[in-house]
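*Asks:* Sequence:
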Amino acid sequence: MHGFAELIVPAKMANPAPPSDLLLVVHGRSGGEVPSEFELLAAELRRQRGCRVILQCLTASTGAYQAQNLETAPLTLVPLFQLPGHHVRVDLPAIAKHWRSSGWPLRRLPFLGAWPQWQGALAQALSEAKGQGLQPQLLHHPLSGALAMRYTQYLQQRLGAPCSPWTAYTQPSQNLLLVPLAVAANRLSEALNAIDWPPGLQLWPPLLQQSRFRLVLMEQLLSLP
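Counting along the sequence shown from 1, when you hit position 140 you're at 140 in the working numbering, and nothing is skipped either side.
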């Protein structure tokens, strides 16, 4: 699938320059609250990379002022989104333009769900689940646009599991593993947690609440120049 499998996160080169600062763009919760998974990730990146790690939350009213209130330096924008919805298609280009117009030399990475390493970790985890007799079902919030539709079709093939909007899913059964495509806790994961599912059905927590995915993401972000 053109545009998804070929996106590569650059590896760290020999004798690298000091690491660039990171701008982690996340959706966030109502009122600008940042999920704790992202706060912990940013803190650990600051410690291990020794650089500034800026969190920009799309639901926060202060996001537009961050670029003017900090000293400019080379910056890598990391979009922590699993799906190419409206935020990836519209908001991220506008955010990148804003930081660049404020004097920041900025490099923008693809959204997280397009990274081959991230997709590989998901595929491995779901393969292990199938080996245990579970039937994975990918669930996402309602999407619109041709890019999002192509991506979910690609993801079905890449991960070997059906993918559908959670609001349209009505076939719970035993040995089913529900996989919400949520990087961190959000309305989707909370809505699924609130449902009284039948016995034998398993529900994955958000991806960054699982150690294997935290480690994969941390490894990739630490390897960035």
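Incorrect hints may have been included.
[Stated by the list, open to error] What follows is a set of in silico ranges between Cβ atoms, one per label pair, in the way DEER data are often shown: (1) Q174 to G32: 37 to 45 Å; (2) G131 to T72: 30 to 38 Å; (3) T167 to E44: 30 to 38 Å; (4) A17 to G133: 48 to 56 Å; (5) M218 to S101: 15 to 23 Å; (6) L143 to P198: 41 to 49 Å; (7) S101 to E128: 40 to 48 Å; (8) E219 to H86: 44 to 52 Å; (9) G200 to S127: 31 to 39 Å; (10) T72 to L203: 25 to 33 Å.
To be clear, the hints were calculated from the coordinates, so they are not data collected in a lab.
Just so you know, even glycine gets a beta-carbon here, dropped at the ideal spot from N, CA and C.
*Asks:* Now, for every hint given, state plainly whether the structure supports it.
*Replies:* Cross-check of the supplied hints:
no., hint, in the structure
1, Q174 to G32: 37 to 45 Å, "holds (41 Å)"
2, G131 to T72: 30 to 38 Å, "violated (50 Å)"
3, T167 to E44: 30 to 38 Å, "holds (34 Å)"
4, A17 to G133: 48 to 56 Å, "holds (49 Å)"
5, M218 to S101: 15 to 23 Å, "violated (31 Å)"
6, L143 to P198: 41 to 49 Å, "violated (27 Å)"
7, S101 to E128: 40 to 48 Å, "holds (46 Å)"
8, E219 to H86: 44 to 52 Å, "violated (29 Å)"
9, G200 to S127: 31 to 39 Å, "violated (20 Å)"
10, T72 to L203: 25 to 33 Å, "violated (44 Å)"
The earlier numbered hints that this structure contradicts are 2, 5, 6, 8, 9, 10.
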